[in-house]
Structures are given as structure tokens and as C-alpha cells.
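Each of the two chains sits in its own frame; use the hints to bring them together as a complex.
In the order they appear, the protein sequences are chains Y and H. Those letters in the first sequence? Residues 10 to 95, per the working numbering, in order. Those letters in the second sequence? Residues 16 to 451, per the working numbering, in order.
Derived from the structure by calculation, the hints contain no laboratory data. Take these hints with a grain of salt, some might be off.
As the list claims (entries may be wrong) - So, partial list: chain H residues that the calculated Cβ filter (under 10 Å) puts toward chain Y:
1) Pro46
2) Gln85
3) Asp228
4) Ala250
Said to hold, decoys possible - Selected chain H positions facing chain Y (Cβ under 8 Å, derived; list incomplete):
5) Leu50
6) Phe129
7) Thr130
8) Val143
9) Val404
Here the structure is a predicted model, which means the values were calculated and not measured. C-beta atoms are modelled at their ideal positions from N, C-alpha and C, and glycine is treated no differently.
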Amino acid sequence: MSVQFTFDGRPLTAESGQTVGAALLAAGVQSWRTTRFGGRPRGLFCGIGVCFDCLVTVNGEPNVRACLTPIADGDAVTTQAGDGRG
Amino acid sequence: MAAAATAAEQGLRVALIDSGRQLGGQYFRHPAPGLNAPWIAHLHHGWSRFERLATRVETSHRIAVLFERQVWAIEPGFNVLTDRGPIAARNVILATGSYERVVPFPGWDLPGVFTAGGAQALLKGNLVLPGRRVVVAGTGPLLLPVAAGLSVAGANVLGLFEANRVRGYAKHPVPLLKNPAKFLEGVDFARQLLRARVPLRSGRMVVEAQGTDNLEAVVIAHSDGSNRRRIECDALAIGYGLAPQIDLGLTLGCENKLLSDGTVALRVDRSQRTSIRGCYAVGETAGIAGVECSLVEGEIAGLAVAGASPGGPLTPRRDRLRGFADVLRTQHPVPAAWRDHLTPDTLICRCEEVPARAVAEAVEDLGATDARTVKLLTRAGMGWCQGRVCGYAVACLARRDPAEPASAADLLAAAKRPLARPVRLSVLTELDQRNK
Numbered sequence: 010m011s012v013q014f015t016f017d018g019r020p021l022t023a024e025s026g027q028t029v030g031a032a033l034l035a036a037g038v039q040s041w042r043t044t045r046f047g048g049r050p051r052g053l054f055c056g057i058g059v060c061f062d063c064l065v066t067v068n069g070e071p072n073v074r075a076c077l078t079p080i081a082d083g084d085a086v087t088t089q090a091g092d093g094r095g
Numbered sequence: 016m017a018a019a020a021t022a023a024e025q026g027l028r029v030a031l032i033d034s035g036r037q038l039g040g041q042y043f044r045h046p047a048p049g050l051n052a053p054w055i056a057h058l059h060h061g062w063s064r065f066e067r068l069a070t071r072v073e074t075s076h077r078i079a080v081l082f083e084r085q086v087w088a089i090e091p092g093f094n095v096l097t098d099r100g101p102i103a104a105r106n107v108i109l110a111t112g113s114y115e116r117v118v119p120f121p122g123w124d125l126p127g128v129f130t131a132g133g134a135q136a137l138l139k140g141n142l143v144l145p146g147r148r149v150v151v152a153g154t155g156p157l158l159l160p161v162a163a164g165l166s167v168a169g170a171n172v173l174g175l176f177e178a179n180r181v182r183g184y185a186k187h188p189v190p191l192l193k194n195p196a197k198f199l200e201g202v203d204f205a206r207q208l209l210r211a212r213v214p215l216r217s218g219r220m221v222v223e224a225q226g227t228d229n230l231e232a233v234v235i236a237h238s239d240g241s242n243r244r245r246i247e248c249d250a251l252a253i254g255y256g257l258a259p260q261i262d263l264g265l266t267l268g269c270e271n272k273l274l275s276d277g278t279v280a281l282r283v284d285r286s287q288r289t290s291i292r293g294c295y296a297v298g299e300t301a302g303i304a305g306v307e308c309s310l311v312e313g314e315i316a317g318l319a320v321a322g323a324s325p326g327g328p329l330t331p332r333r334d335r336l337r338g339f340a341d342v343l344r345t346q347h348p349v350p351a352a353w354r355d356h357l358t359p360d361t362l363i364c365r366c367e368e369v370p371a372r373a374v375a376e377a378v379e380d381l382g383a384t385d386a387r388t389v390k391l392l393t394r395a396g397m398g399w400c401q402g403r404v405c406g407y408a409v410a411c412l413a414r415r416d417p418a419e420p421a422s423a424a425d426l427l428a429a430a431k432r433p434l435a436r437p438v439r440l441s442v443l444t445e446l447d448q449r450n451k
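Just chain H, with the same shape it has in the complex (with noise of 0.2 Å):
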């Protein structure tokens, strides 16, 4: 949104594409015009600069909305192919964001069991609990709104585990100094949090979910396993951080990065391009980095892709909140010791439903040495979500020493797709009818 008001202010012409039915994306997700409920402001933070935003956008004769479309590739020159036809364009402006990274643990493809950031979705979208008696685990910077809103909505939250200990920041006083705003905005949250009951913990993660058709209760226990807790809920929030969603960049040849966390990104100069020409990246696609961040690139590339030059206080700003995101990513790293609490019968591979069992067969038995070869013997990865789930947990199983940490070339193999969505046989048709 960001890049195509700055863009369409320079005096282009811009098509935004949303695979959404109203602007918004994940971070400012509001619910359809009519559904309303007395919490919601408490939902949403910067909501003003949102609408703001928002006007700038729906007011520009030069910016062409076009929601729910997907794009599932985008060809050199270019052709960005949605699933509603093809779009031509001089430039492209990846602003895809992310999808939220979950490693596999017993019970955890039992209904009950969300992703942090989808129990968000649900509440934010919908204004929906995801259940009455929810906890919130995982790790990173997420869950702190994610069990604020629940809380606020109405659920009872009978828990926050973050599986790191966070005293960690104490190491990087400098851009924790520079970053005040953030800083607060977290302090703010665990207030809400302390103020609504809601019992905060660190280095604790959840090794288990129990049930028979829904979940019934979760164990919380130290990463080692020792100290088990179970816990009667209805409802798990929970999520690893979020990864890039890249996979566009990737097919058309962008280069990429490996961050400290696990996660890979496309790689940026300091005017937000790729290393393809006329290809820019912004905000989580470029490394996730939150959503003001995203804001600050996007102008910037708005700008760029005119030939307008970023000065101001843009730059300096996109570099401060990068370095504080930097620090968070290292505080916030899987736990290795996620592996050690699977059992031979945990699903790693939701889709295809592969368990441990054979992914463990395929690295010691079989012979194979790269998430691809496992992705190959097992089919995990093959399903509909193309990787984006058990991606990083087979990168990691590939890997037969725990303590290794997974290669980029693995976190890549799940990460490449030449078809970047799921499309109809119809529209593969349609094109080739088109290049006749």
C-alpha cells in the first residue's frame, strides 16, 4: 500500500494486487464493513495511520485495485501471472509478507491447534475466538498481541509461553535505545497481559497436544522436558516466528540471504532492489522486520521505482528499525530441542500426513542427505500448502546431527516454487490459449 500511494505519487501508474478481499494485508486485517464488537479498537495499533494510508490509496486515479487475485508466478520483463489473467509491468514490488513458521510436536494436527497468527486472523477478521480457554506459546514478538487480543476479546488465557528467555536483550542496549517506541509498545502488551491475569513464561514450550478429535489439553514443559505441565484448554496459539514469503523473487532469479534465525529473504540494496532489474522487495520479504518497517520500505521503493531519490529521514528510519529487528531475530531462535519431542507417529508433513517415522527412515535407512531427497522418499512437502508448513522442520530432519543448524540450500528447496500458488488446470489453459 505504502509503495503503490509513494509510486502513484511520482506520477505512475500502478496495479496493486491483494489476494485479500479488502486492503489491509495480515497487519492491518479489519473485519467486513458490518461486523462489529465493543473491543474492537483494542485490536489494532496505528489503526489512524492505517486509514491514512488507506486514502491515500483509494483516492489515487493512478492506482488500479485488484483484490483476490493471486499471483502464482511473475515471468522476466514482466508478466505477472494471476490466477484472473496475466498483468504486464515495466516494475514489480514484492510486498508478499509472511507465513508464520511451526515446528511438528505430538498432537499437533489435532482441530483446536492454530498458529498464533492465525487465532489473529480469525479474532481480527472474523472477530471470532479461536476458543474459551486458550494458550498462547511459541516464540517471538507475536504473541504478546496475539494473547492481548484474545485476552481482550473474551477468552480465557491461561497462559503466555515464550520458549526463549528474554534476557538475552540486555546485550543489544543500542538498538533496543534507538527503538523506544518498540521497546514500549512490548512493555505495553505484557502490562495488558499482567493487568488481565494472564501468567507469563519463559523458556518454556509446549512438547505435546492431547486429544482425541479436538484438543483436549497441552503439556508446557521445559525445553529439556523435565518440569511437565498439562494444561486443559480448547484452544493452542501457536507459532516460531513468521518466514518470508519469497517464492516469486526466488523464480525470478532474485538473489537471497540467510538470516540469523532460519529464515532466508531476498536481498536488497539500499533502495530496496533485488538483483533483477525493475524487481524491488520491501518489508517481510526482504527479512522480517515488522510492520513499520514495511511502511518506510515501501516508500522508499515507491520512490525508487520512480527515479525519485529516498532522502529525508526515510533511510535513517528503515535502517534504525532493521537494526532492531536484527536484534530480535536473535532472541528469538527455534529450540532446537523441538526434535527431541517427537514421537515415530508425529506428523511432519500435514498435507501428505508423513511421520517421523518415515522422515527418520529416509535420513538413517535411505540415505538421504538434503531436504530434497527426503522431500522425494517421503512426500512431505508435496502437498497443498507447497512446503510452507513443514518446510523448515524437514530442513531441519535432514540434518542428522541435531545440533546442526538447517542449510540454506535445505530452507530453499521448500521455498522454491515455480508455481508460487496452487492454480487451476483452467488458467494453465486459459494462458496457453493466450500465447497462441
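Pulled out of the complex, with its shape left as it was, chain Y reads as follows (with noise of 0.2 Å):
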């Protein structure tokens, strides 16, 4: 079964099932945070919820772990710069 959800405003498809990070990669995104120093793409790294590094904003609640979470139908996935807190 798929899922519709948007990045960054862009709709874009997943599997039901899937991780947001899964999903994002999928569809040919690999990096969805700027660091809070550096400024410096991050996406996947770990994918098991160690790292930290996939963190992304989902429907407005940042610090959300990509590798983690599943997505869900109408998601809206923003790209998180620095902690997300603006």
C-alpha cells in the first residue's frame, strides 16, 4: 500500500511501512538537515536510532529520528536546519 506525503512542500510517494528516512531516500533525497554549526547536509548514517544524524522535521515537530519513525499518510517532512527551533 502507498503513502502520499510532501518534502519540503514536494509530494512525493512511500510504501506503507516504511521509515521517513527509507522513504526520503526512496525517493532520491539523501540529506534532509543543515547542522547547527557547520551548516553541513546530514541525512542517513546509522539507521538504527544511535546516531542521531537523520534528524528531520515532521508536520512541525523537529528532532524526529528519519531511521525511526514510519511515515504516514499526508506527512508533511520539512528540512531541519540547526536544531530546528529557528
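Given below as C-alpha cells:
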């Protein structure tokens, strides 16, 4: 079953049961956060919830681990800048 | 799972706390129901064994399986603190597994660089590839199934680069001969890779990842930096072995031991008891040994916790598998030369973005002689991952002499975590209210 979600406003499709990170990678997106100090891009690294590199904003909530959080129909995923709190 | 099922069969009531959304942990990770692919059967070894174990757990009325709960501390007695409230228990069996050890190299923070286990988790749990053209590198037995899995799922695996020469195994014939199944499993993976025309090279490591905003290429070389070769790719899966997840045991005061591969594990006796009465440790938590050993040790602990004696073939099997794991450990050290390939700008701590320059300054100019001081001076290891990613590297770099291995004290400095997981303040305030 497929689910519809958006990344920075762009409509994308994923398979139900995939994580946010997997859904983004499958859609060709490799990074979705910029670091707090260097502003460098980050995406998945450890893939099992250990490294916190893959933090992302989902439906306005920052610091969600993309590697653990399942994607849901209608999710609005946005690039997180720094700590995601503006 | 094995410990829970066994203890429940002995008549005990068991709470099985799993941070995941379904049974299986890392090794038996599998996709959510509904996700499928024609090659999925190739990703799993011993799947029927998992199904039997899952049935034992799921059909037991004595086991409460609690998913998506993170244990952040265990208080003596025991009070198991989870992010969704505390659970009281007379005995605790720690089967917390491991996380991957990676050492820094220039460009390792580029998107497209994954841990080997991370690439595998993406594939096993989501059926998604980390990239189309993938390089697998590092050291240790995990690299073989990772490369084989990626290949069977359709990735173009451009090479598997094992940093260590593998001929050292010949010096340890007895554990190898006693574990023919493990040995043949390795041969089987190697055969799969050869069939898929994946080049296998030993004695070579990734010395640099290149790219601007994404990984574009990796540079492979001998550990002394000679024979550099650039390989264009869009993903790198890299790992230098696994490190036991022991923080919950350390906070309880369990004794630990430094193993030959530079990892620290909980010390256990013949019945998997730690030095703390009522606290047991099994599998990787007691030293990296692989899935089969974890399953056997789970059974042993499940019996021991119920006061039954683990007779029969369990203990000799455990000893045989542990013997094999100890050989593996000696054959796949992190090559000390990783330090030579750092540049001043290479990030050591990914979370706090601490470059090698800052760590070198702490050690050479500011007089830091241990990992804890390096951490306090630079913030390396103070970020979200709580030093899990950079802890080993910082423990090594705290030694001025690159030939000197990381000390147990420095490795423990990163592994001790009074809060084993980052928790929300609301979880702590709730706990405070309960205590009133």
C-alpha cells in the first residue's frame, strides 16, 4: 500500500511501513538536515536510532529520528535547519 | 527473545521490553507487514529459527511484549525506567545488543556514507537501497552479508574492502574446525559475491570520502596510504566491528572487561550472571559473539533466572561459539593507521562538529591525557549520540602515541551513560511526581 507525503512541499510517494528516512532515500533525497554550526547537510548514517544524524522535522515537530519513525499518509516532512527551533 | 521464552516456560512472568516496533532486533530485522520484494528470502539466514522463537514468545501468556520503549536507566532492586514509565522486576536480563564502531576519515560526514549495519537495516527493514553504486568497507564478518544483501537486492556493489589481511585465521585452526557451520557461512557469502562479480580485496581501507553536498567518490588505499584508487559511487557502507551496548549494566555497577578488539563488555559467569545479583547479560552485551551465541546465552540465562540448571548441550555450545568469536576478534582490529589519514578539518564528533584540529589541540597544547578531559575541552562526545559514534576515536586520540591502544578507562568514559538514552524532560518530571 502506498502513502502520500511531502518533502519541503514537494509531493512524494512511499510504501506503507517504511521509515521517513527510507521513504526519502527511495525518493532520491539523501539529506534533510543542516548542522547547527557548519550548516552541513546530513541524512541517514547509523540507521538504527543511535547516531541522531538523521533528525528531521515532521508535521512541524523537529528532532524526529527519520530512521525510526514510520512515514504516515499526509505527513509534511521538512528540512531541519540546526536544532529545528528557529 | 530466547531468554524471555525460556524463563516464561519455566513459569516466570516476563516483560520483554523492545525499542523496536516488532520482534527481531537487529539480526532478524524484517519489514513491516505488507512490504515485500522477490529477493527478500535471500536477506535472512536462519529465518525459520526466528519464526519458531517468535511463536514461543507470542503464544506465551506469561510474556508481556512492550514495543517502542526505550530503557534509559535501571535502578537497583530493580526499577526499570522506560520513556513510558517504570517497570518493577525481581531480575533483569540485559540483551541490549551492540552498535557499530566507525572511525573518522575525511568526508565521513557526507550524506551517502552509512554504517554497514545501517545500510543493512535500511534494506532489511525497508527494502530500500542506500544507493545504486555502493562500496562496502571496514573490517569484520558483518561486511560479507551486507555486501551480499545489497548485491542481491540490485545494487551495483563496486567492491568489498576488508582492512585486515584474512590469512591470520590459519593460526587458529581449532576454533574454526569446531565451528564448521560458521566457517562455511562465510565461504557461502564469499561465493555469492564472486558470482555477482563483486571484487573482494583485503588489506585496503577507505582513506577519504569525496563530494560537495553528497558522496561522489571514495578513495581506497593500503593502510600506509599507498596505492590510492578513486572509486565513484553514491553510497558507502562502512564499519569497523561492533561495540557492546553496556551502559545500563555500567550504571547498575556491573563489572566489565576489556576485550582484545578494544571493546568493553559486561563480565558474566557460566550462568550469564553479572556481578550484580539478579542482573544477567547475554549475547553482544557480554562481548560480541553473533546471533547463535546470543540465542544460546538467552536460553541459559532464562533457565538460570528461574533457578534451573542449564544442563545438556547449551553450555558447551556457548563455549564453542565464544571460542570462535574470540578468534574473530583477533582477526579484525581497527587498523591503527586510521589516525594517519585524518586532516585537521576532519570531524571527530559528528554531533558537536568537533574537528580533529580541536582534539589535537586539547591533547598536544592543553595537556589532556585522557578521553574525559578531551571531551570537557572540546565537547567531543557530548552530543545526541552520547559518544557512541566518536567514543572509540576519542579514546584512541587521547593517547599521544598512536601505537598505544585506547585504555579501558578511556573507552569506559564514553560508555558510561547515567541516562542511557536521551529522554524528554517531561519523562523526568513525571518520574519526580510519582516519587512524591
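Comparing the hints with the structure gives:
1. Pro46: holds, 6 Å
2. Gln85: holds, 9 Å
3. Asp228: Result: holds, 5 Å to nearest chain Y Cβ.
4. Ala250: holds, 9 Å
5. Leu50: Holds. Min distance 5 Å.
6. Phe129: holds, 6 Å
7. Thr130: holds, 5 Å
8. Val143: Status holds, d = 4 Å.
9. Val404: Hint on valine 404/H: holds, closest Cβ of chain Y at ~5 Å, below 8 Å.
Violated hints: none; the structure is consistent with every hint.
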